[in-house]
Amino acid sequence: MATLTPTLTLNSADAFSDVVNFSITDDLTTKAPSQSLSTIVADTTGANNIIVAANDDKQTWVFIRHTGKAADGTTDTANHCDIEITGDVAAGTLKPGEFCFFPFCGNGASKGVQLQAVSASVTMEYAYWSDNTAQ
Amino acid sequence: MATTTASVSISSGDLIPGSNLSINASSTLMKAGLTTGLTQVESGVISLALDTDSKLGPLATEMSGDVHDIASWLYICNKATDDTHYMDFGIHNTNMGRLYAGDWMFIPWNASDDDAAIEVEAKIAAQTIEYAFFNSNFILTADAG
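One line per chain: the protein sequences are A and B, in this order. Counting from 1, one number per residue, gives the positions in the first sequence under the numbering used here. Counting from 1, one number per residue, gives the positions in the second sequence under the numbering used here.
The shape of chain A in the complex, shown without the other chains (with noise of 0.2 Å):
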């Protein structure tokens, strides 16, 4: 068992006329099993990336980010990638150098994460870590 603290930080001087910036932390109790920071070159087919596998409701936290880079590691400002559940249910769209943080379960669904390259291969990181738990 290990405790993994989360932390987002959001700011802007001008998005309102106030200033935003805050931060906001989580303590988190993980377990096996978990995925340590990986990458992976995800091509236009998701089911080709599933990058967590359907997890029987295991809580699971994962992050992703899209490295900027394409298939052959050269830069790549153009190609976006699908955030998916496996069956092809597209939840969000990581445009490159963004990131993203969310807990998933299956919830009886036997369902996973995958990614779908929008028009190109592109490089993208991932990490998961589940507590493990039935929900």
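In short, the hints are calculated from the structure, not lab data. Don't take every hint at face value.
Said to hold, decoys possible - With a straight-line cut-off of 30 Å between C-alpha atoms, the simulated BS3-like cross-links for lysine-lysine are:
| hint | chain 1 | residue 1 | chain 2 | residue 2 |
| --- | --- | --- | --- | --- |
| 1 | B | LYS123 | B | LYS79 |
| 2 | B | LYS79 | A | LYS69 |
| 3 | B | LYS31 | A | LYS69 |
| 4 | A | LYS58 | B | LYS79 |
| 5 | B | LYS55 | B | LYS123 |
| 6 | B | LYS55 | B | LYS31 |
| 7 | B | LYS55 | A | LYS58 |
| 8 | A | LYS31 | B | LYS31 |
| 9 | B | LYS79 | B | LYS55 |
| 10 | A | LYS58 | A | LYS31 |
| 11 | A | LYS58 | B | LYS31 |
Unchecked claim - Cβ pair distances, simulated, as ranges:
| hint | chain 1 | residue 1 | chain 2 | residue 2 | range |
| --- | --- | --- | --- | --- | --- |
| 12 | B | SER19 | A | ILE50 | 23 to 31 Å |
| 13 | A | ILE50 | B | THR5 | 38 to 46 Å |
| 14 | A | ASN48 | B | ASP82 | 40 to 48 Å |
| 15 | A | ASN48 | B | SER47 | 40 to 48 Å |
Said to hold, decoys possible - Which chain A residues face chain B? A few, computed with CB under 8 Å, are given here:
| hint | residue |
| --- | --- |
| 16 | LEU4 |
| 17 | LEU10 |
| 18 | THR30 |
| 19 | GLY92 |
If you're wondering where the values come from, they're calculated on a predicted model, not measured in any experiment. Heads up, the beta-carbon is just placed ideally off N, CA and C, and yes, glycines get one too.
Using the hints provided, position chain B relative to the given structure of chain A.
For chain B alone, coordinates are given in the frame of chain A:
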């Protein structure tokens, strides 16, 4: 043009023996072209009734056609203090995950069609959540399918 910066750090001192985990990432939230900052923001605190499916924000229901497919970001924090309380969230009528008391998430959101609303539902008891949407009116590249 607004400039909004999001940063995350994920750390652990005991996940892997002898190796501290320290992940750090930061990005400026941009419209689809990556050169202009997102311009629309909605934030607030709302109460979720127990076992009642709610769609977050006016963006979930007021957009139509291609206007859906824009660069959007969503932050949610479950402000519950009882460890057993949680809220489910999902998209396309598919449950994605759950936020327990004090947990937060930060995700991109493609409101690609009328079924792509972010849905939230309090479990065990009514709960209060804090949320913020950042989005643009700039349509994303079409999905590869």
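Could you check the structure against the hints above and give me the numbers of any it violates, in ascending order?
-> Failing hints, ascending: 2, 8, 11 and 13.
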